Amino acid sequence: AGFDDLIEYGESVGLSLTLENVGSDAASEIEVVISTYDAYISVTSATASTSYIAPSGTATVSGLAFDVAGDVPNNHNFELSCDISSGGETWESALNFTAYAPVLDVTSIIGDLDPGATADMSVNMINSGGTQITYPVVSVTGDSYVTINNSSFSNAYSVEVGMEATLDMNVTISSAAPI
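With our numbering applied, the sequence shown corresponds to residues 3 to 181, in that order.
Quick caveat, the hints were computed from the structure, so don't treat them as lab data. Keep in mind the model is a prediction, meaning the values are calculated, not measured. Heads up, the beta-carbon is just placed ideally off N, CA and C, and yes, glycines get one too. Any given hint could turn out to be false.
What follows is a set of in silico ranges between Cβ atoms, one per label pair, in the way DEER data are often shown [stated by the list, open to error]: (1) Ser53 - Glu81: 26 to 32 Å; (2) Ser51 - Val24: 17 to 23 Å; (3) Ser160 - Thr109: 17 to 23 Å; (4) Ser30 - Asp7: 30 to 36 Å; (5) Ala96 - Ala28: 22 to 28 Å; (6) Ser110 - Asp7: 29 to 35 Å.
Go ahead and model the full structure; you've got the sequences and the hints to work with.
So this is what it looks like as structure tokens:
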């Protein structure tokens with residue numbers, strides 16, 4: 003999938019299958035249909051075919067495809083149902099896959115927040131998920147007691163698996179903020 007062998011959040015995945023004829027007769031006009039009921043997976047190209055597979059032979063079908071939702075959980079296991087038909091017979095199979103997503107965990111928050119003060123803060127994070135985040139968009143908002151004056155993210159291009167990143171910000175705390 004993509005530039006690697008991982009199925010990742012927000013990705014469009016092309017799928018090729020190698021079919022083996024384990025019978026003693028040739029198979030002809032073979033059709034493959036995939037489907038799923040998984041909420042995070044959308045099949046975008048469900049059908050592929052090949053014209054002939056000799057006994058004990060193989061053929062590769064391609065052109066099958068599915069999209070992975072951008073909000074798929076990390077390590078999400080999913081199944082594609084695969085129906086293979088030829089000559090009035092149908093064989094059912096399950097194709098099992100895992101989709102990966104980034105997970106940002108806060109490791110530390112550095113800075114003191116006192117009512118009526120303006121302070122610099124740093125929020126340190128690590129990507130403990132199964133894949134990188136590319137071009138992350140970071141949005142920081144306060145509430146009626148906290149004003150975010152400015153913020154910057156240490157890595158605007160990619161946060162790889164196991165990589166740490168820091169969100170630096172300058173905040174003002176209202177003097178009316180409860181302690």
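* Hint check for Thr109 and Ser160 - Cβ pair distance inside 17 to 23 Å -> holds, 18 Å
* Asked: Taking the beta carbons of Ser51 and Val24, is their distance inside 17 to 23 Å?
  -> Given a distance of about 19 Å, which is inside 17 to 23 Å, the answer is holds.
* Asked: Regarding Ser30 and Asp7, is the given constraint of 30 to 36 Å on their beta-carbon distance met?
  -> holds, 32 Å
* Asked: Per the hint of 29 to 35 Å, is the separation of the Cβ atoms of Ser110 and Asp7 within bounds?
  -> holds, 34 Å
* To do: Could you see if the CB distance from Ala96 to Ala28 stays within 22 to 28 Å?
  => Since the Cβ atoms of Ala96 and Ala28 sit about 26 Å apart, the hinted range of 22 to 28 Å holds.
* Asked: Honestly, do Ser53 and Glu81 meet the 26 to 32 Å range at C-beta?
  -> holds, 28 Å
Consistency with the previously given hints is maintained throughout, with no hint failing.
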